Amino acid sequence: MATENQYLPGLHPDLPPPPSEIGVIGWLRHNLLASKTDIFLTIFAIYLIYLLIPPVISWAFFNADLIGNTREACTSGGACWVFINVRIGQFMYGFYPVEERWRIDITFLLLVALMIPMFIDSFRYKAWLGAFILLVFPVIGFYLLAGGSFGLVVVDTPRWGGLSLTLIIAIVGIVASFPIGLMLALGRRSKMPAVSAFCTGFIELWRGVPLITVLFMSSVMFPLFLPDGVNFDKLVRALVGVTLFSAAYMAETVRGGLQAIPRGQYEAAEALGLSYWKYMAFIVLPQALKHVIPGIVGNFIGLFKDTTLVLIIGLFDFLGIVQAASTDPKWLGYSIEGYVFCAFVYWIFCFSMSQYSQSVERKLHTGH
Amino acid sequence: MIKEESAGPPTVITRPWNNPKVRSIFFQAVLLIVVVSFGMYIFGNTAANLEKQGIATGFRFMGTTAGFGIITHLIEYSEDSSYGRAFAVGLLNTLLVAFTGIIAATIIGVFIGIARLSKNWLISHLAMVYVEIFRNIPLLLQIFFWYFAVLRALPAPKASLNFADGVFVNNRGIYLPSAIYEEGFSLVIWALVIAIIAVLVMTRWAHKRQDATGQQFHTIYYSIGLLIGLPLLALVVTGFPLSWEIPELKGFNFVGGTVIIPEFIALWVSLSIYTASFIAEIVRAGVQAVSHGQTEASNALGLTAGPTLRLVILPQALRVIIPPLSSQYLNLTKNSSLATAIAYPELVSVFTGTILNQTGQAVEIISITMAVYLSISLSISAFMNWYNAKMALVER
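Chain order of the listed sequences is A and B.
Taken in order, the first sequence gives residues 1 to 368; the numbers are from my numbering.
Taken in order, the second sequence gives residues 1001 to 1396; the numbers are from my numbering.
Simulated from the structure, these hints should not be mistaken for laboratory data.
Don't take every hint at face value.
Claimed, not checked - Quick list of in silico lysine to any residue cross-link-like pairs, SDA-like style, CA-CA up to 20 angstroms: (1) A/191 with B/1017; (2) A/330 with A/76; (3) B/1119 with A/26; (4) B/1119 with A/22; (5) A/234 with A/330.
Since the structure is predicted, the reported quantities are computational estimates derived from the model, not experimental observations.
Looking at chain A on its own, in the form it has when it is part of the complex (with noise of 0.2 angstroms):
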C-alpha cells in the first residue's frame, strides 16, 4: 500500500480541516445540525420563529399607519401608529402646559450634559461633578419644572406626567435613597446593638411589604402622621414613600459590598489609628462601593419599572398616561399599540442599563 509520497513518521504536513468542519457548513453541523435532536428542535426553533416573526413585523411596519390626525387615517389594518404619533407629546409631557414644555428639555438635557463627563475616564473633576449634580443641580431642576420665581410660570405637580414624570421619581428616588442606604447598611453592620436592631428592623420591614401597600401608605396615612393644617403635595407623599422603599434594597445591596471587604481591610484601617468615620470613608466604602455598581444599576432598573405602580394612587406617570390615552372614546380600540409603544420605550432604557451594568461588571472583574 506505499504510495509515491512517503514521510518519515512525525513529518507529514499538517492537513487542513475537512470542508465539513469549517466556515459556514461546519459551523450549522456544529450548532444546528450536531444529533438528530438538534434537527428536530431547530426545525420546531424555524417553525416557531415563522409563526411569530412574519406577522408582528407586517402588523409593525408594512401594513402600519403613521400619517394622519385622526383614526380614519388607519386603514391599512395593521398597527395604527396614528394614534402615538397625535399623542406623543401628551405621552412625554404629561399635562404640562405646551409652551413650557421646553423647561422640562431643558432640565434634562442639562442632567444629560453634566452626566457625560462622569462616563470619560480622563476626565478629572469627576468629584466635583459629582456633587453638583448631587447638590446643585435638583435645585436648579426644581426651579425649571415646578416654577414660581425668576419669571417662571408655576406648573402645578397634577399636571406633571408622561415619560419625564417617571423619570423625576426614578432619578429622584434612587438619588435620595442611596445616602439613606448607605446609613441603614453601615447601621446594620454597627456593634450598637440599639444601632443594628432598629436598622435591621428597618430594612426587612420595607423588603416583606409590597411597594404599592407602601404608595397607599404614602397617600392616606402619610396626611395623618402631619399636624393639623401641614399638607404635602400627593407627588411629594409618593416620593417619600419610593425613597424610604428604594432604600431598603440599597442598603442590602449596599451591605453586600461592605461583606465583600476582606476583614484585614478593616483591621489594617483601624490599626492605622484611623477613627469610624475615616477608615469607612477613605479605606472601605471606595472599595464597597466600586464593587456594587452593578448591583445600584439593578436596583435603579428595578425602580425604573416600578414607578408604574404610582399610577395606582393617581399619578399620570407614563404608563398611567398611556392607559389613559388608550381608554379616549376617540381612540378606542388601539390600546395595543400604545402598550407596544409603551413597553418599547421602558425596554429600551431598561436594556440599555442592564447592558451597561454588565460592562461594568466585567471592568470590574479583574481578578483571577
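Given chain A, work out where chain B should sit, using these hints.
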C-alpha cells in the same frame, strides 16, 4: 524604663467622650430618644387627626357588614358577610394567585433556563430573546396588556369561542364544565390516597434495595401505573359516579360550570411569564456554576446524560439556585398586589382598596396589610431556608 515598669501600668486618663463604651451607650440613647419622640409625635398627630375626622380607632370594624360583592371567592361570601370575611376572601385570592403563579413560573423558568444552555444556537438564542424581552418590561404594563388588549378583546359571551364542546372562552372569562361528585366518589379519592402512599413506600424500598444490593428498580413506570390505575379501577368499580355540568348560554351570559375570571388569568399569566424570565437566568447561572469536570467525571463513571443531569448536576446546581429562587418567589407574591390595578379581588384590592374607602380606617387597614405580607414573606423565606439547609452540602 525599669523604674517605670515596676511602677505598675501607667494611669491612662480617658475622658468619658473618648471611651468607646460610653460613646456607644450615648449614641444608642440618642437614637432611641429620637425614634421614640418621632413615634410619639406621629402618634399624637394621628390621634388628633382621627379624632377630628370622627374615626374610631380599633379593629371593631372587622365585624360590621361589608355590603359589597366580590366576583370570585374560594370561601362562602355574600354582601351580608362581615369585613373580616371579605379580608379572608382577599387573602385567599392572593394566596391562590401566588401559589399557582409560583408553580407556573418555576416550570416555564426551568424550561427556558435549560433552553438557554442548549448547544443548539437557535434554541438558546430564542430563550435569550424571551428573557431579555420579558424582564425589561414593567410587570404592570404586561398585566395591562394581557387584561385590556388581549382578554378584553375576546368576543362577547354570545360569540364565545368553543373548545371541545364544553369549554367556552369569551371576554367574561373561561367557562369550564364543573364536576358533580355523586355517591361513591369518595372511594376514588381513597384509591388515589392509597396509590400515593404505595408509591412512597415503593420508592423507599427501591432505594434501600439499591443501597444494599446495587440492583436498580424502575419505580417511575410502576408509580404512573399505580397513580392512574388504582383511581381508574375505583371509578369502574363504582360505576363512574361523576358527571359534568356544562356551562350554558342564558340571556347575556353563561350559567353553570366553573368560571375563571379574566382578571385572574391576566394576573396569573403575566406574573408567571415575568417571574419565569428571572428564574430562567437563575437556573442558567446555577447549572453553569457546576464545574464541567463533574459532567466529565460522571461520564467516565459510565453514567448517561439523564442520570448525569439528575444525580450529579442538578443536586449541585440546586444549592446555587435555591437562595435567589426563594427571593423570586417572594417577589412574585408581593407583585400579586398589582392586581389592584385591574380589580382582581385580592388582599390589596379588597382590603386596602374597597374596605379602606368604605371605613376610612387607614392606620388599622394598612398595618394589617403590611403585617400579612410580612408574615407571608417571612414564612416563605423560613421554608426556603429549611429546604436550603436540607439540600446544603454535608461537609466532613
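Check your understanding: Which numbered hints are broken by the structure, listed smallest first?
Key -> 5
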